[in-house]
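*Asks:* Given next are the chains, with one letter for each unit.
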Amino acid sequence: MAENQAFIEIDNITKWFPHKDKKLLHIGQEKQWVKAVDAVSLQIRRGEILGIIGESGCGKSTLGKLLTRLEEPTSGDVRIGGVSTRELIRRDPKQFRRKVQIVFQNPLDTFTPRDTIEKILMRPLRLHHIGKDDAQRREICLKGLENGGLRPAEDIMSRYPHELSGGQLQRISIIRAMFLEPSFIIADEPVSMLDVSVRADIIRMLQEMSRERNAAVAFISHDIALTRYISDRIAVMYLGKIVEYGDADDVIGNPKHPYTKALISNCSSIDPEEEQEHIKIQGEPPTPVNPGPGCYFAPRCYKACDACFKKYPDAADFPNGHYAVCNRTADN
Amino acid sequence: MGSKKYRGLARMKEAFFLDGQFRAGVIGIIILLIIVVAAPLLATHNPYEYGPDNLVAPGVNGHWLGTNHMGQDVYSMIIYGVRTSLQVALISSLISGVLGILVGGIAGYFGGKVDLVISEVINAFLMIPTFFLILLIVALFGNSITNVMIVIGITSWPGNAKLMRAQALSLRERTFVKSAIAMGETRMQIMFKYILPNGVFPVVANTTRGMAGAILTEAGLSFLGLGDPSIISWGQMIYAGQDYITVGWWVSAFGGVAIILTVIVFYLLGDGLNHVLNPKYSFDKGGK
Numbered sequence: 000m001a002e003n004q005a006f007i008e009i010d011n012i013t014k015w016f017p018h019k020d021k022k023l024l025h026i027g028q029e030k031q032w033v034k035a036v037d038a039v040s041l042q043i044r045r046g047e048i049l050g051i052i053g054e055s056g057c058g059k060s061t062l063g064k065l066l067t068r069l070e071e072p073t074s075g076d077v078r079i080g081g082v083s084t085r086e087l088i089r090r091d092p093k094q095f096r097r098k099v100q101i102v103f104q105n106p107l108d109t110f111t112p113r114d115t116i117e118k119i120l121m122r123p124l125r126l127h128h129i130g131k132d133d134a135q136r137r138e139i140c141l142k143g144l145e146n147g148g149l150r151p152a153e154d155i156m157s158r159y160p161h162e163l164s165g166g167q168l169q170r171i172s173i174i175r176a177m178f179l180e181p182s183f184i185i186a187d188e189p190v191s192m193l194d195v196s197v198r199a200d201i202i203r204m205l206q207e208m209s210r211e212r213n214a215a216v217a218f219i220s221h222d223i224a225l226t227r228y229i230s231d232r233i234a235v236m237y238l239g240k241i242v243e244y245g246d247a248d249d250v251i252g253n254p255k256h257p258y259t260k261a262l263i264s265n266c267s268s269i270d271p272e273e274e275q276e277h278i279k280i281q282g283e284p285p286t287p288v289n290p291g292p293g294c295y296f297a298p299r300c301y302k303a304c305d306a307c308f309k310k311y312p313d314a315a316d317f318p319n320g321h322y323a324v325c326n327r328t329a330d331n
Numbered sequence: 000m001g002s003k004k005y006r007g008l009a010r011m012k013e014a015f016f017l018d019g020q021f022r023a024g025v026i027g028i029i030i031l032l033i034i035v036v037a038a039p040l041l042a043t044h045n046p047y048e049y050g051p052d053n054l055v056a057p058g059v060n061g062h063w064l065g066t067n068h069m070g071q072d073v074y075s076m077i078i079y080g081v082r083t084s085l086q087v088a089l090i091s092s093l094i095s096g097v098l099g100i101l102v103g104g105i106a107g108y109f110g111g112k113v114d115l116v117i118s119e120v121i122n123a124f125l126m127i128p129t130f131f132l133i134l135l136i137v138a139l140f141g142n143s144i145t146n147v148m149i150v151i152g153i154t155s156w157p158g159n160a161k162l163m164r165a166q167a168l169s170l171r172e173r174t175f176v177k178s179a180i181a182m183g184e185t186r187m188q189i190m191f192k193y194i195l196p197n198g199v200f201p202v203v204a205n206t207t208r209g210m211a212g213a214i215l216t217e218a219g220l221s222f223l224g225l226g227d228p229s230i231i232s233w234g235q236m237i238y239a240g241q242d243y244i245t246v247g248w249w250v251s252a253f254g255g256v257a258i259i260l261t262v263i264v265f266y267l268l269g270d271g272l273n274h275v276l277n278p279k280y281s282f283d284k285g286g287k
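Heads up: the protein sequence lines correspond to chains A and B, in order.
Mapping of the first sequence onto numbering that gives the first Met the number 0: residues 0 to 331, in sequence order.
Mapping of the second sequence onto numbering that gives the first Met the number 0: residues 0 to 287, in sequence order.
Accuracy of the hints is not assured; some may be wrong.
With a straight-line Cα cutoff of 27 Å, these simulated BS3-like cross-link-like pairs (lysine-lysine) come out [stated by the list, open to error]: (1) B/Lys177 <-> A/Lys19; (2) A/Lys98 <-> A/Lys118; (3) A/Lys98 <-> B/Lys192; (4) A/Lys93 <-> B/Lys12; (5) A/Lys98 <-> B/Lys177; (6) B/Lys192 <-> A/Lys19.
Label pairs and their in silico Cβ distance ranges [what the hints assert, rightly or not]: (7) B/Ile259 <-> A/Glu162: 42 to 52 Å; (8) B/Val116 <-> A/Pro318: 20 to 30 Å; (9) B/Val256 <-> A/Lys118: 44 to 54 Å; (10) A/Ala134 <-> B/Tyr47: 50 to 60 Å; (11) A/Arg125 <-> B/Glu13: 45 to 55 Å; (12) B/Val116 <-> A/Phe16: 19 to 29 Å; (13) A/Ser264 <-> B/Phe109: 42 to 52 Å; (14) A/Asn11 <-> B/Leu17: 31 to 41 Å; (15) A/Asn11 <-> B/Arg186: 51 to 61 Å.
Beyond 12 Å from chain B on every Cβ pair, some chain A residues (computed) [what the hints assert, rightly or not]: (16) Glu54; (17) Lys64; (18) Ser83; (19) Lys93; (20) Ile101; (21) Phe103; (22) Gln104; (23) Asn105; (24) Asp108; (25) Phe110; (26) Thr111; (27) Glu138; (28) Ser172; (29) Phe178; (30) Pro181; (31) Ala315.
Keep in mind the hints are simulated off the structure, nothing from the lab.
Positions of the beta carbon are idealized from the N, C-alpha and C atoms, including for glycine.
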């Protein structure tokens with residue numbers, strides 16, 4: 000496959016949840032929807048890490064679940080190497096699960112508390128018939144743990160999840176995902192619950208995995224500095240929509256969308272002397288219940304004009320595939 | 000390879016020393032089990048044998064607790080009655096536990112329409128006056144002890160099912176279930192490997208308490224004359240003794256005491272298990 004061709008194609012994927020109203024009767028009332036993910040289209044190449052950032056509640060995690068089909072999309076589809084995942088999962092769910100793996104936010108809850116690490120690691124191997132027999136599978140597990148820096152591996156294998164730290168468990172989670180040799184990995188805030196000291200290890204493992212296996216990675220996070228460090232490209236999400244997309248350095252170094260600008264300006268710097276102008280955004284993010292009709296960010300935007308409230312803006316294109324969905328990118 | 004035991008065992012040990020209820024329950028059940036195994040050694044007479052002494056008071060002629068109107072030794076009957084009570088308790092709660100766990104687990108995990116239908120069935124069963132249903136079935140299908148056990152089992156599962164359903168509902172949202180799906184496990188594998196083993200413990204505690212109810216139900220049936228006449232049961236002793244209550248109080252009274260003690264043991268054990276299996280429960284009462 001050509002290097003530049005998109006491997007993962009997210010095509011207008013949408014997830015609406017019915018909104019539970021507290022009122023008893025709904026006579027003459029239209030059904031309300033929470034648009035958690037609203038027509039998101041993105042592309043990821045092989046070996047590329049796409050960072051997805053946004054504040055909490057913007058639909059990042061729902062997007063992650065849609066990509067792994069833990070949630071059924073309301074409409075739209077994801078294609079892997081040109082094949083629709085809808086088709087793939089109907090034909091052979093096991094093969095799909097092997098191709099697409101997810102690393103969750105909370106490592107302490109990722110494994111069933113009643114099994115040892117040995118049982119936890121052996122299970123997917125057996126399930127997907129990796130290795131000839133149990134002895135060989137055990138070898139694979141031990142080697143995986145050793146390579147992941149979990150030593151002594153024999154000792155780790157005999158432990159229960161509650162006896163290990165979050166960092167160790169998250170590494171095991173990644174190791175387990177690697178066993179299945181996935182070609183698409185979703186990392187849903189994999190380090191946000193971990194100590195800063197172990198974050199670097201986890202990030203390195205993810206990077207190695209994407210490089211060695213030439214896998215596509217979707218890295219979901221609210222940590223802008225970290226996302227810039229790990230990602231090749233970045234997509235900024237606001238209320239279920241992508242508002243800006245481009246190369247990591249372009250988006251962070253030269254943000255075009257006012258929301259991205261505000262996010263970055265509020266990102267703390269190590270240097271206390273550095274002069275930084277914080278852009279204040281007022282209020283909470285509005286509820287994603289029937290937003291619009293204008294730009295979703297307009298009510299909080301410091302640059303909004305009348306046009307912004309009337310119609311959802313079109314994307315403005317910049318070099319290198321960088322785009323921002325905003326009317327006011329021209330007048331900076 | 001020295002694999003470590005699950006912390007549940009350590010917690011049981013801790014609970015045994017710190018939780019008075021659990022300790023009393025465990026000791027009580029051990030005593031009951033010893034009586035079951037060693038009944039022939041502990042009994043002074045053959046409880047099925049009609050002896051020459053009719054309705055003698057406690058202490059007379061080596062009858063520690065007296066005899067009934069047929070000359071059967073009350074003490075030996077009580078010893079042998081433990082077998083009946085425990086048999087009823089275990090088998091009926093096994094039926095109720097397994098039924099409840101499976102039905103509740105399926106309802107909670109699969110959700111949607113399956114849950115809707117099953118929940119209504121559970122509610123319907125909860126509405127039925129249980130004891131009346133048992134009476135009806137025993138009257139229709141005969142009063143063998145097997146029938147009694149099965150009937151108690153299939154009328155007491157809805158409570159367990161409700162509990163298991165709630166467990167499954169919360170477990171299926173946990174990350175480890177999602178990650179199992181992402182690993183490619185099928186729904187059945189997730190149900191039996193992840194949902195049931197992690198959600199079963201409150202149901203176990205509830206079932207243990209349900210055993211006390213089963214013993215009481217069996218005694219109640221026997222008291223109404225619907226017990227199995229070919230076995231020795233405490234309920235029947237009370238039933239048989241009521242005609243002679245003014246001249247031979249001991250026939251009914253000791254049977255009643257035995258029922259009360261056994262029921263208390265199962266309640267203590269069930270409550271104690273509830274403490275042990277609930278990780279949020281702390282054994283130090285003072286809150287150090």
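*Asks:* Report holds if the minimum CB distance from A/Ser172 to chain B is greater than 12 Å, and violated otherwise.
*Replies:* violated (8 Å)
*Asks:* Next pair to validate is B/Lys192 with A/Lys19; report whether the Cα-Cα distance is within 27 Å.
*Replies:* violated (33 Å)
*Asks:* Are all C-beta atoms of chain B more than 12 Å from that of A/Lys64?
*Replies:* A/Lys64 is in fact no farther than 12 Å from some Cβ atom of chain B, at 8 Å.
*Asks:* Taking the shortest Cβ-to-Cβ distance between A/Phe103 and chain B, state whether it exceeds 12 Å.
*Replies:* violated (5 Å)
*Asks:* Checking the smallest CB distance to chain B, is A/Lys93 really beyond 12 Å?
*Replies:* Its Cβ does come within 12 Å of chain B, the nearest being 5 Å, so this is violated.
*Asks:* Decide, holds or violated, for the assertion that all CB atoms of chain B are farther than 12 Å from the CB of A/Ser83.
*Replies:* The assertion about A/Ser83 holds, with a minimum of 19 Å to chain B.
*Asks:* Within 50 to 60 Å or not, the Cβ separation of A/Ala134 and B/Tyr47?
*Replies:* Distance hint for A/Ala134, B/Tyr47 holds at roughly 59 Å.
*Asks:* Take a quick look at whether A/Lys93 and B/Lys12 sit within 27 Å of each other, Cα to Cα.
*Replies:* violated (42 Å)
*Asks:* Was A/Thr111 rightly flagged as not at the interface, with every chain B Cβ beyond 12 Å?
*Replies:* About 5 Å separates A/Thr111 from the closest Cβ of chain B, which leaves it inside 12 Å; violated.
*Asks:* Would you say the C-beta atoms of B/Val116 and A/Pro318 sit inside 20 to 30 Å of each other?
*Replies:* violated (59 Å)
*Asks:* A/Pro181: least C-beta distance to chain B exceeds 12 Å?
*Replies:* violated (10 Å)
*Asks:* Over 12 Å to the closest beta carbon of chain B is the bar; see if A/Glu54 clears it.
*Replies:* Per Cβ check, A/Glu54 is outside 12 Å of chain B; nearest 22 Å; holds.
Violation of the numbered hints given earlier is confined to hints 4, 6, 8, 11, 14, 15, 17, 19, 20, 21, 22, 23, 24, 25, 26, 28, 29 and 30; the remaining hints are satisfied by the structure.
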